[in-house]
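Colleague: Sequence:
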Amino acid sequence: MIKPSTDVRYTTTSHEGLIAKRAQLAAIGWDYFVTTYSALRITYSTDRLIAISGLASTLYDTRYNPNEEGEHGSLPLYLAGLWRMDLTRDMSWFVGSTMIFRKDNNSRAEAIGTERVRKSKSTTYVAPSWSWASISDPIRYLHLDNPDPQFMLLDARINLATGNIYGPVNEGCYLYLRGKITTSSWELTSDAQNMSVYRLKDIVGTQILGETDRLGVNFSPDYAIAKPGPNQLHPAAMLYVFPLVKIGVSFAVTFGKQEPELIKESRSTLCLVLKAVDTQFEKARVYERIGFTEFTNFQSGIRNVDPNDYSDEDFYII
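Numbering (my numbering), first residue to last: 1231 to 1548.
Among the hints, a few may not be true.
[Claimed, not checked] As a list, the in silico DSSO-like pairs of lysine-lysine whose alpha-carbon atoms are at most 27 Å apart:
no., residue 1, residue 2
1, K1505, K1349
2, K1410, K1431
3, K1505, K1410
4, K1476, K1410
5, K1431, K1476
6, K1457, K1505
7, K1431, K1349
8, K1410, K1513
9, K1476, K1494
10, K1457, K1476
11, K1457, K1349
12, K1431, K1505
13, K1505, K1476
I should point out that these hints are in silico values taken from the structure, not numbers from a laboratory.
Can you make the complete structure from the sequences, with help from the hints?
Modeller: See the structure below:
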């Protein structure tokens, strides 16, 4: 059910993916297939990459162009459920609802009903944390409108479990990236509807179009990070925010009064939320992905200038 005056972001959902399966394979984006497969009730979480491996193999010819390999030609093309050539888009998956609100009535920029209780992360290694296959919930993608990537791929390694390059993987996979990192503490609170709200306390931005920046933005965890168990995140843990891409804020459907200029002028920053891993590769920091956030910036009448204090860094995500 969609409430009046609620906007719906351009996203890829499992429902859209099922519809898209009727079209020719070469004309369909990988994100549509992934949203469909991520929503399947697979008996064993370890089979998530296996379940989509046949399709990945079939699509290989449509994704691989030797003439466009360039400096990354020696790196794996298929990265545990992601394509190297589309890495910006493929890493921008998230769980749950989108995060940008409208100023109008403080309404959610999303269809109601997409919030869900996260499942626990498997204690058995399934995939690297950057991959949608590492979690057990359905995932989604935002439409990347005029994307401006904020990182560079330096190296990648996939530790295959078998001879199938599209099949299961073992520990030892990594992406080596050059980008920007900032730190933030976090907290878990509840909103007026008693829904869990995960917050990055030290990030400056706004998730309500038309309102000025404030200290603290919400984020969407990839799994049940507060649930007791081996993957529980300590309340005092420091998190790391990695800007992945800047995009135009776009909506598929707008209900109620439109603010076209506000939407047209606004750009958002899509970020991965990371935790540090107590190890180093070649003196570089190592992180795991634990969540996702999106925010815009508006301060003193100026839009789209991010005031957060980032450090340039070469780092690994495992």
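Colleague: Each hint needs a verdict: does it hold in this structure or not?
Modeller: Hints and how they fare:
no.	hint	in the structure
1	K1505 / K1349	18 Å, holds
2	K1410 / K1431	18 Å, holds
3	K1505 / K1410	15 Å, holds
4	K1476 / K1410	13 Å, holds
5	K1431 / K1476	21 Å, holds
6	K1457 / K1505	16 Å, holds
7	K1431 / K1349	24 Å, holds
8	K1410 / K1513	17 Å, holds
9	K1476 / K1494	14 Å, holds
10	K1457 / K1476	31 Å, violated
11	K1457 / K1349	9 Å, holds
12	K1431 / K1505	15 Å, holds
13	K1505 / K1476	22 Å, holds
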